[in-house]
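Asks: Residue-level listing of the chains:
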Amino acid sequence: MTAVEFKHINKQFKNSAYPALNDVSVNIEEGEFVTILGSSGCGKTTMIKMINRLYEPDSGDILLFGKNIRDENPVELRRKIGYVIQQVGLFPHMTVADNIATIPKILKWDKLKIKEETDRMLRLVQLDPDEFRSRYPAQLSGDQQQRVGLARALIANPRIMLLDEPFGAIDAINREILQNELKSIHEKSKCTYLFVTHDIREALKLGTKVIIMNEGRILQYAAPDEIVKDPADDFVANLLKTADLKGGA
Amino acid sequence: MFAYFADHSDQLMSAFWEHLGIVLSVLLISIILAAVICWFLLRSERATNIVVNIFSEVYSIPSLALFALLIPLLGLGNKTAIPVLVLYNQYLLIRNFMTGMQNVDKSILEAGTGMGMSKWQLVTRVQLPLAMPSIVAGIRLAIISTTGIATIAATINAGGLGKILLSGLRTMNTYKIVWGTILCVLIALLADTLLRLLEKRIAVNK
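In the order they appear, the protein sequences are chains A and B. Okay, so the first sequence: first residue is 1 according to our numbering, each after it adds one. Okay, so the second sequence: first residue is 1001 according to our numbering, each after it adds one.
Treat the hints with care, since some could be wrong.
No more than 27 Å apart at the CA atoms, straight line, and that leaves these computed lysine-lysine pairs for DSSO-like [unchecked claim]:
id, chain 1, residue 1, chain 2, residue 2
1, B, Lys1079, A, Lys105
2, A, Lys105, B, Lys1106
3, B, Lys1079, A, Lys108
4, B, Lys1079, A, Lys115
Per label pair, the in silico range of CB-to-CB distance [what the hints assert, rightly or not]:
id, chain 1, residue 1, chain 2, residue 2, range
5, A, Asp71, B, Trp1039, 55 to 63 Å
6, A, Leu63, B, Glu1045, 51 to 59 Å
7, A, Lys67, B, Ser1044, 45 to 53 Å
8, A, Pro74, B, Val1036, 19 to 27 Å
9, A, Pro74, B, Glu1045, 20 to 28 Å
10, A, Arg135, B, Thr1155, 39 to 47 Å
11, A, Asp71, B, Glu1199, 38 to 46 Å
12, B, Pro1083, A, Glu116, 22 to 30 Å
13, B, Phe1040, A, Phe13, 54 to 62 Å
14, B, Ile1144, A, Asn180, 41 to 49 Å
15, B, Leu1194, A, Asn22, 57 to 65 Å
No wet-lab data here; the hints were simulated from the structure. For each residue, glycine too, the CB sits at the ideal point set by N, CA and C.
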């Protein structure tokens, strides 16, 4: 089944001379881990922010599991989509548990269920519930904060996760660990992931499929080994070369 | 000094209660009005700047002049005094309320919106609690400002401790002036304590 379908999406921001997205069409199958790769300003973040309607396209349609997202209330739509950003954006005045339970509380889940699910999410992201439940975000390290960010996005059991450079601000060692954990969390679920990054190695490592973007267009959408074997054009080929240069890093 | 108070306690205390009444009702109206205005201003930073600038100009008009200007429109006494005091407070309150709301990290708001919080939920559950220190600071300033400017409202017959101060000034009665001042300070302290209690209650409820 198709999870996300972009149909001729165009978007140009008011203060920009160039379109952020230029006639983008793509089908993303359910259960894929799609990494979206490109330099800053190529439109990759714009793409995923359209799926949860933080941005609206100028023209074109986006279908989520066959339904046009225009027909849905944006707030309701977002509650069905997990959303993780680089800056994490935890609420500093709430404990870890309250942060994770934000949407369940709004949806008035049963108290016991909220507690159980919060603990389950903490264990899923490798944080000991007894130790971390009552801490505040300021008492966590960067990678622990992003673990909580992941738990908060996963608790409502979304069918689709949008991740906007989630590990961009995390040190190399912990980034590696988090990448592996995220991959295994994905493999255990049927959830579709869209993961924006500008790190080529990260994109090739995590993605079951990779979208390569430049100047608002999709240059190639294929499995990582296909991209390495058969780059669509010079831009993609050059991109892979620069990755090889950094191979030892 | 104390003998003077004992002799004139009726007069002093009635002015005190009158003054406290003015200050508290002005604060209540100002805070509600400022909150409503801020709700609309949340949409636009530009509109916020314009509105804050307008109120800052108003704030710079001497109170005596503003009282005098509005008497023909609203008449003598509280009918003019209370609107003017409310108007002055809007600058202090809106500026502080909005600073508090705008200083909330944009990424926190984006995360909140992105996970499906409505605008109202975002304001009440995230922005307001994070802006609370700045909001309370604004109210604290409004308390001090209102208590002071309300004494000048006595010149347009609005009563309160200003009456005591003015008549003390006219008759060169130092006792009267000192007692008027002490009671003014007392009102500011009282309102401040009230605010502190309220703040604690809100913090505990969280």
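Asks: So, for every hint listed, does it hold in this structure?
Replies: Right, here's what the structure says about each hint:
| no. | hint | result |
| --- | --- | --- |
| 1 | B:Lys1079 / A:Lys105 | violated, 46 Å |
| 2 | A:Lys105 / B:Lys1106 | holds, 23 Å |
| 3 | B:Lys1079 / A:Lys108 | violated, 47 Å |
| 4 | B:Lys1079 / A:Lys115 | violated, 55 Å |
| 5 | A:Asp71 / B:Trp1039: 55 to 63 Å | violated, 29 Å |
| 6 | A:Leu63 / B:Glu1045: 51 to 59 Å | violated, 35 Å |
| 7 | A:Lys67 / B:Ser1044: 45 to 53 Å | violated, 33 Å |
| 8 | A:Pro74 / B:Val1036: 19 to 27 Å | holds, 25 Å |
| 9 | A:Pro74 / B:Glu1045: 20 to 28 Å | holds, 22 Å |
| 10 | A:Arg135 / B:Thr1155: 39 to 47 Å | violated, 57 Å |
| 11 | A:Asp71 / B:Glu1199: 38 to 46 Å | holds, 45 Å |
| 12 | B:Pro1083 / A:Glu116: 22 to 30 Å | violated, 55 Å |
| 13 | B:Phe1040 / A:Phe13: 54 to 62 Å | violated, 26 Å |
| 14 | B:Ile1144 / A:Asn180: 41 to 49 Å | violated, 58 Å |
| 15 | B:Leu1194 / A:Asn22: 57 to 65 Å | holds, 60 Å |
Comparing the model with each numbered hint stated earlier shows that hints 1, 3, 4, 5, 6, 7, 10, 12, 13 and 14 do not hold.
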